[in-house]
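Chemist: Chain by chain, the residues run as shown.
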Amino acid sequence: MKDKNLGDIIIEIKKLGVDYTGSNEPVKAIHDINLTIHRGDFICVLGPSGCGKSTLLKVIAGFLKQTEGTFLMNGKEVVGPDWNRGVVFQSASLYPWMSVRKNIEFGPKMKRLPKKDITEIATHYLEQVNLLKFEDQVIFELSGGMKQRVALARVLANEPEVMLMDEPLGALDALTRIQMQKLIRDIWKKNHNTIFMITHDVDEALSLGTRVLVMSSSPGTIIKELNLDFIENAVDSRTGRVQINEEYLKLKEAILDLIDT
Amino acid sequence: MKDKNLGDIIIEIKKLGVDYTGSNEPVKAIHDINLTIHRGDFICVLGPSGCGKSTLLKVIAGFLKQTEGTFLMNGKEVVGPDWNRGVVFQSASLYPWMSVRKNIEFGPKMKRLPKKDITEIATHYLEQVNLLKFEDQVIFELSGGMKQRVALARVLANEPEVMLMDEPLGALDALTRIQMQKLIRDIWKKNHNTIFMITHDVDEALSLGTRVLVMSSSPGTIIKELNLDFIENAVDSRTGRVQINEEYLKLKEAILDLIDT
Amino acid sequence: GCENGGTEGELPKEVNIGYLRVPNDEMVAKTMGIYDQYFTDQGITCNFIIFDSGVDANKALASGSIDFATMGNTNGIIALSSGLDVELIWIHEVLGKIEGLAVKNGSNINSAENLKGQKIATPFASTAHYSLLNYLKEAGIENDVELLDMQTQDIVAAWERGDIQAAYSWQPTLGELLKNGSMLVSSEEMAEKGYVTANVCLVRKEFSGKYPELVANFIKCLSEGGDTYRRDGQQSAAAVAKELEITPEEALLQMEGSLWLTPQEALGADYMGTTDTPGHFSKIMKDTADFLQTQHSIEISPSQEAFDAFINPIYIEMSLEN
Amino acid sequence: MQNKKKNSSTNRLLTIGTWLAILIVWFTITKLGLVSPLVVPSPGAVFQTFLSILENGYNGRSLWAHLGISFYRLFVASLLAIVTAIPLGLLSGYFEKVRAIVDSIVQFYRPLPPLAYYVVLILWLGIDESSKITLLYLAAFAPIYVACVSAVTNINQDYILSAKSLGANERDVFFNVVFPASLPDIFTSIRTAIGMAYTTLVSAEMVAASSGIGWMVIDASRYLKSSVIFVGIIIMGITGVLIDLGLRALENKIVYWKGYQ
Amino acid sequence: MQNKKKNSSTNRLLTIGTWLAILIVWFTITKLGLVSPLVVPSPGAVFQTFLSILENGYNGRSLWAHLGISFYRLFVASLLAIVTAIPLGLLSGYFEKVRAIVDSIVQFYRPLPPLAYYVVLILWLGIDESSKITLLYLAAFAPIYVACVSAVTNINQDYILSAKSLGANERDVFFNVVFPASLPDIFTSIRTAIGMAYTTLVSAEMVAASSGIGWMVIDASRYLKSSVIFVGIIIMGITGVLIDLGLRALENKIVYWKGYQ
Ligand SMILES: Nc1ncnc2c1ncn2[C@@H]1O[C@H](COP(=O)(O)OP(=O)(O)OP(=O)(O)O)[C@@H](O)[C@H]1O
Ligand SMILES: Nc1ncnc2c1ncn2[C@@H]1O[C@H](COP(=O)(O)OP(=O)(O)OP(=O)(O)O)[C@@H](O)[C@H]1O
Ligand SMILES: [Mg+2]
Ligand SMILES: [Mg+2]
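Chains as they are written, first to last, in the working numbering: chain G, 1 to 261; chain U, 1 to 261; chain E, 1 to 322; chain Z, 1 to 261; chain D, 1 to 261.
Mixed in with the good hints, there may be bad ones.
Chain G stretches covered by chain D per the calculated footprint, using a threshold of three residues with CB under 8 Å from any CB of chain D [claimed, not checked]: (1) 86-99; (2) 132-141.
Each computed DSS-like pair below joins lysine-lysine, with the alpha-carbon atoms no more than 30 Å apart [said to hold, decoys possible]: (3) U:Lys-102 - Z:Lys-31; (4) G:Lys-250 - U:Lys-252; (5) U:Lys-182 - U:Lys-250; (6) U:Lys-28 - G:Lys-147; (7) E:Lys-104 - Z:Lys-31; (8) D:Lys-31 - E:Lys-210; (9) U:Lys-102 - U:Lys-28; (10) E:Lys-97 - E:Lys-286; (11) D:Lys-253 - G:Lys-147; (12) U:Lys-109 - Z:Lys-31; (13) G:Lys-250 - U:Lys-109; (14) U:Lys-190 - U:Lys-116; (15) Z:Lys-31 - G:Lys-28; (16) U:Lys-189 - G:Lys-250.
If you want a taste of the chain U side facing chain Z, the calculated C-beta under 10 Å gives, among others [unchecked claim]: (17) Met-110; (18) Ile-139; (19) Leu-258.
Calculated from the structure, these hints are not laboratory results.
Note that this is a predicted model, so its numbers are computed, not measured.
In this text, a Cβ means the ideal position worked out from N, Cα and C, and glycines have one as well.
Work out the full structure, taking the sequences as your base and the hints as a guide.
Modeler: Right, here's the structure in full:
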């Protein structure tokens, strides 16, 4: 673990909980969540299925209102989704009626930026995700990995303060996944984004996150936090694969034991 | 690698190739495949996306006719799908209009077994996949892992000579996946099935297969075959996780290098 | 009434009779139970089927669904012209004031001249349509008006709304129109000019060939209905009024608006004539047919001989024999 | 979230308010004599007429007899359509050759206005129930047939393939897989079909009828009994909605797995 | 696979064969005089009539004028339905309150047979084009409205959420996401709607018309001109199929992404 100098606090979550009131009795999805997100953090969240990872992300995104506790962004209450917190879903949820470029230009357009800036921003991020060649393609002709790259560029183009990702690579095959991890890692290193990412792959969390949160279910809450630096040091930069060492293996085993109960 | 005594030959594939003739020019999906499957083999197939893994499986299942080469099962040509080769798909493709038990009884019923036998067989395999408690449940109320267990039991109930699986665990989260791997491993050890399984997860292939085939794309063919015994020896039986050692790590790196080109 | 009681096994189980909802001899016969004594008492069920006009009755004849049908003579011509295997056996009534061209009060239409540029509604293919066309032709304005094809109920609706100022229709809707309108011309006047229209009765030849006595009996029913009316108009009006859902007074008024024939009159030279000498009605039908042909309403106008054969008075003669 | 319940009761109030408003407007304009009672009869008159028809019937037949005969026609026609269109549609979907023969005929007659071919039907079949029922039957046939064809062609191919791998022959597949898998679509189409037949009811009862709720409206319009027309329309509207509700309940019961395929 | 092309040409032959067979049967039964020409006119007579109508028109109007006026009615009504039903339907789908007001009214009138309320329309609007067009309009309105509501309520929630996260306000979401996302369903419903209006054409032209292809059939049936009825039906069948083909082509062009959502 490294001693790192923390960035400014962007998000502060205290004693946060969410109850779902469906047709039946209320379901306590998450409970007593305490979390502070600093600028530049790459947070990876692990936990068994149904432990409330997505619920937490939805609250941060502004899609869902917490039923208890406080959630402040830059010291202010959040009332709904806005462009400060960009979201990447597992299924890319790109707009099939727009070309690749139009999808990426969507955010800047909604911000009513001048036409010239919109084009420039889109071009810049198309380059960053290596899709400039495909800018005029329709969405449904892209492969799964390409779609996630567009989704990533779409959020990046908005330059949000925090990027939220809910299992963004969950639907990709192992190889594409490793390539995408490398891409995300490179972008994070270059742009110094703040990222909050849910994953179910321990290797992914370990190889990307500067902070790994482990959640347990019933009640869904954070039971462990790890500060890591594999993302910066222990990566084989040619292939983008994490160099596995003793420390890594021990950590992985520990996390698996933690979840698997 | 171990020196193993091979079972009888069940399937013999020689110089097999498949061309897809779509609306455009024909696509050569696989080419010059040579493969012999022995009774008791647990074959895992790895390869980049689109290299023709599913195509090969479809030919073996009888869903697709090869355009060149020969494919014999027990010395005879295969004319179409039949119960000797059971298939598990990535999406479980269970029948939602049937209960868990009815799904599992489907195969034996199609074979016109006596009612008593059908019930017995279903109960036996329901037990084997730990779903006896859920036998009357409807399919859409099951979790992803449970669905795949039903799909597995459905194929097992037919006691086919070969089980073919196309990324059966691809849609599951990491933890459920490890549990399912343990289940498949246990069943294989107990029933001595012959399994041909496609996966995109190198760890999965290494921890399950007695033989791992690596395919390359364009043309899709087998470029490497490994004989392994991690499944029998190097498994931490309590958690069902593979005990990682130097040999394992070296093999994994080698395979990743092989695919990633 | 039936003489060949010995051959009852050959009698049909039921006869199907298509009728119009107008106050005529058939309606009297139906509502006063006259059919019972000739048909029902012999074990033959009479099915009465209402038609709005001869149009649907012709289709029903074509498909063999009905044996007898009442309709305007224009529809009789259509039946003959399109090759239906039927014959005309009776004239229910010669249309008089029961049909007419109504114009709305306050529309300032007082003569044929004033109709220029107006919309005039009438049910196409009806006797009213025929009379209207001839009226317009006589006045020389057939190309200066717009004719609208409307069923009688729609005519009243359009009239009430003020969409149309003139319509050629028949009772009972004509009465509705005349509540705030006046009659410019009636079919009675048109008949005087030679454009006779009538409601006639058709029978399928397949039926009449098999059961000529029944057809004669059918005519007996009709003529008895006519006799009843002539004997006591009030009583008949009261009987039909109930079925027509109008007052007996209205019914009587409407009944008086047309000319009902006795069998003897029907066999006269002015109408159907006898089996040996065809009457004038055949000529009227031919003229009407020729006119309809010039209107392209029918493709071929049958020959005079065809009409002579079509109008078959033999059953009236039979009905008078015993 | 918590407002769901409150929302739905506001909405119910809004719906009730809408109908109340319609009633009030109706009442006011007739009360003030803004329009002739022939054009819009007063609510009171319509209600009076309803009571009188309920008590005395219409044209010598009770209201129940009119409704009864209409529903008899509707029921027989729909039943005939169901038992013929489902097998024909499924066969058409499953066997291309059957489709090549049947499809173009259905596609040709489907857009035809029923009144256009009603004339021909009367010439062919007469004025009895048979032509009326045939008209309704033809209106109901096409939607079911078309839905069956598309249901079968869109069927999840894995369902069929896995059935074959489990030992099912063509017959088994047809009855045990194709049919149940198409059921949800078939059910939706039955609702459409009965709706279509219901819409055609007045046309069918327009010629040579003297009974039926549709005939009642036609007959009333012949004599400009506006209040009877309104009674008829309101009864038809309500029964139409009730029929659909009933079918929907049946649907939820029989094809409970709908939406989970 | 390789037989696809051969299959589709056999199928085309089968379809052509079917129609030829129908033609031959038709020809034979009329030639042999098995049925009266009134009930089934001979193909020759129908063709003769067609030529004569083509040359001389019908009732003093050319065939093109009849077709023209019918299509004018159809076109105006459909256009009105499109421009009113789409916004109302989308709003109803998006805002529960609008739905609470509008939905029950549409649900009430939707199952009503057009002929039942046509009388009322005539009383209200008169006998001119307006009542005819309103009748067709009402027939076309309901399918589009219902489809819009269901399209919006079934919209992928991620589309809306991600738009909001990209900075879109409610208005942006409605025009940039809800509308295009509903377009494929809207298009299907427009096809249904025009079909419904087409089906109602004869009813509309039954009253107070003396032009239109529907009126031609009605008028011909009055004079028992079977061959004209057949000509009318065949023309309507063919134009009905052509309209649908045209709309389908338009659909493929405009909502090319259909099926990829
Ligand atoms: N809309 C909802 N209404 C009611 N309960 C819900 C709703 N969404 C989620 N839940 C419940 O809340 C709990 C947490 O769900 P959530 O989706 O946040 O889990 P998760 O950790 O994201 O799971 P996964 O790894 O499977 O995505 C679960 O028990 C789930 O059943
Ligand atoms: N029905 C088809 N028609 C034409 N080409 C096809 C068809 N199915 C597959 N292909 C092509 O054949 C090649 C092999 O496809 P296949 O599905 O067997 O690959 P795969 O190894 O299973 O890929 P994945 O890992 O993504 O499942 C691909 O290039 C694919 O585009
Ligand atoms: Mg989740
Ligand atoms: Mg595959």
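Chemist: Is the Cα-Cα distance between Lys-189 (chain U) and Lys-250 (chain G) 30 Å or less?
Modeler: holds, 29 Å
Chemist: Is it true that the CA of Lys-102 (chain U) sits at most 30 Å from the CA of Lys-31 (chain Z)?
Modeler: Between Lys-102 (chain U) and Lys-31 (chain Z) the Cα gap is close to 65 Å, so the pair fails against 30 Å, i.e. violated.
Chemist: Assess, step by step, whether the Cα of Lys-253 (chain D) is no farther than 30 Å from the Cα of Lys-147 (chain G), and give holds or violated.
Modeler: holds, 23 Å
Chemist: Going straight from one Cα to the other, do Lys-102 (chain U) and Lys-28 (chain U) come out at no more than 30 Å?
Modeler: violated, 40 Å
Chemist: Under the criterion that the straight-line Cα-Cα distance not exceed 30 Å, is the pair Lys-190 (chain U), Lys-116 (chain U) satisfied?
Modeler: It holds: about 24 Å lies between the C-alpha atoms, which stays within 30 Å.
Chemist: Apply the coverage criterion to the segment 132-141 of chain G and chain D: a residue qualifies when its Cβ sits closer than 8 Å to a Cβ of the chain, and three qualifying residues are needed.
Modeler: holds (count 3)
Chemist: Between the alpha carbons of Lys-250 (chain G) and Lys-252 (chain U), is the straight-line distance 30 Å or under?
Modeler: Holds, because 18 Å separates the two Cα atoms, which is no more than 30 Å.
Chemist: Given the proposed pairing of Lys-104 (chain E) with Lys-31 (chain Z), does the C-alpha separation stay at or below 30 Å?
Modeler: Status holds; Cα separation ~27 Å.
Chemist: Straight-line Cα separation of Lys-31 (chain D) and Lys-210 (chain E) no greater than 30 Å?
Modeler: holds, 28 Å
Chemist: Would the pair Lys-109 (chain U) and Lys-31 (chain Z) pass a check requiring their Cα atoms to be no farther apart than 30 Å?
Modeler: violated, 72 Å
Chemist: Please check whether the segment 86-99 of chain G has three or more residues whose CB lies within less than 8 Å of a CB on chain D.
Modeler: holds (count 8)
Chemist: Sort out whether Lys-250 (chain U) lies within 30 Å of Lys-182 (chain U), counting only the CA atoms.
Modeler: Measuring from Cα to Cα gives roughly 23 Å; hence the hint holds.
Violation of the numbered hints given earlier is confined to hints 3, 9, 12, 13, 15 and 19; the remaining hints are satisfied by the structure.
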